[in-house]
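These are the residues of each chain, in order.
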Amino acid sequence: MSAVPQWVEIAVSALLLMSGGLSLVAALGLARLEDFFQRMHPPALAYTWGTWCVALASIVYFSASEGRLTLHVWAIVVLLSITMPVTTILLARAALFRQRQRGENVPPPLGNETD
Amino acid sequence: MSSFLSLATYVTIGCYAAAMALALWRLLRGPSAQDRVLALDFIYVNGMLVVLVLGIRYASMMYFEAALLIALFGFVGSTALAKFLLRGEVIE
Numbered sequence: 001m002s003a004v005p006q007w008v009e010i011a012v013s014a015l016l017l018m019s020g021g022l023s024l025v026a027a028l029g030l031a032r033l034e035d036f037f038q039r040m041h042p043p044a045l046a047y048t049w050g051t052w053c054v055a056l057a058s059i060v061y062f063s064a065s066e067g068r069l070t071l072h073v074w075a076i077v078v079l080l081s082i083t084m085p086v087t088t089i090l091l092a093r094a095a096l097f098r099q100r101q102r103g104e105n106v107p108p109p110l111g112n113e114t115d
Numbered sequence: 001m002s003s004f005l006s007l008a009t010y011v012t013i014g015c016y017a018a019a020m021a022l023a024l025w026r027l028l029r030g031p032s033a034q035d036r037v038l039a040l041d042f043i044y045v046n047g048m049l050v051v052l053v054l055g056i057r058y059a060s061m062m063y064f065e066a067a068l069l070i071a072l073f074g075f076v077g078s079t080a081l082a083k084f085l086l087r088g089e090v091i092e
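Keeping their order, the protein sequence lines are chains A and B.
Going by our numbering, the first sequence opens with residue 1, and the numbers climb by one from there.
Going by our numbering, the second sequence opens with residue 1, and the numbers climb by one from there.
Because the hints were derived from the structure by calculation, they are not lab data.
Even for Gly, the Cβ is constructed at its ideal location relative to N, Cα and C.
Heads up, a few of these hints could be off.
As the list claims (entries may be wrong) - Subject to a maximum C-alpha distance of 20 Å in a straight line, what follows is the list of computed SDA-like cross-link-like pairs (lysine to any residue): (1) B:K83 x A:F36; (2) B:K83 x A:V86; (3) B:K83 x A:P5; (4) B:K83 x A:I10; (5) B:K83 x A:T88; (6) B:K83 x B:L27; (7) B:K83 x A:L96; (8) B:K83 x B:I13; (9) B:K83 x A:L90; (10) B:K83 x A:I59; (11) B:K83 x A:M40; (12) B:K83 x A:R102; (13) B:K83 x B:R36; (14) B:K83 x B:D35.
As the list claims (entries may be wrong) - If we take Cβ atoms under 8 Å as the criterion, some of the chain B residues that face chain A in the derived model are: (15) A23; (16) G30; (17) L38; (18) L86.
Let the hints inform the model, and build the full structure from the sequences given.
Here it is as structure tokens:
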């Protein structure tokens with residue numbers, strides 16, 4: 001495994017630092033927002049851009065150091081983009097169901113759905 | 001591995017650690033069960049990102065598989081917990 005050029009290291013570092021900053025912003029939102037339905041939004045920042053940046057940095061670094069295109073890290077991005085919406089929808093439905101059962105002020109069920 | 005890139009990976013892992021600490025605060029504080037599940041899911045994804053960054057730091061491909069497994073287990077766990085909150089049981 002050979003040493004990578006300077007510009008690759010700078011690009012990888014920039015992508016990694018961007019991902020770290022995005023993750024920190026997402027955690028701040030998760031800790032500081034007031035309502036559960038507001039708090040559902042900030043983690044998406046880490047799930048999308050945070051993960052994309054790290055995967056891109058990994059692809060650039062390993063492609064440069066091995067001298068061939070290595071794309072397998074992108075499998076994590078594909079996996080996350082499939083699984084995250086499922087978790088988010090299930091959690092939102094669970095939160096809506098539980099808050100409705102406790103008699104809080106949330107939107108009523110639509111029509112005759114069995115939520 | 002230059003000291004520049006090495007420093008960048010350590011700063012990034014520090015950012016993830018701070019993010020996980022904030023999410024842990026949300027997980028312990030609640031106030032509702034779905035908040036805790038959301039925070040646990042966030043901690044899972046951050047742990048996966050830490051493993052990926054360590055893979056770059058030590059220039060090893062082996063970390064990728066561990067990250068993939070963490071992502072998969074995080075999804076299964078969060079889905080099971082959300083299903084439990086929705087119905088009171090995981091498998092009907």
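Hint check:
no. : hint           : in the structure
1   : B:K83 x A:F36  : 17 Å, holds
2   : B:K83 x A:V86  : 11 Å, holds
3   : B:K83 x A:P5   : 48 Å, violated
4   : B:K83 x A:I10  : 44 Å, violated
5   : B:K83 x A:T88  : 11 Å, holds
6   : B:K83 x B:L27  : 18 Å, holds
7   : B:K83 x A:L96  : 13 Å, holds
8   : B:K83 x B:I13  : 32 Å, violated
9   : B:K83 x A:L90  : 7 Å, holds
10  : B:K83 x A:I59  : 35 Å, violated
11  : B:K83 x A:M40  : 17 Å, holds
12  : B:K83 x A:R102 : 18 Å, holds
13  : B:K83 x B:R36  : 14 Å, holds
14  : B:K83 x B:D35  : 14 Å, holds
15  : A23            : 5 Å, holds
16  : G30            : 10 Å, violated
17  : L38            : 6 Å, holds
18  : L86            : 4 Å, holds
Checked against the numbered hints given earlier, the structure breaks hints 3, 4, 8, 10 and 16 and satisfies all the rest.
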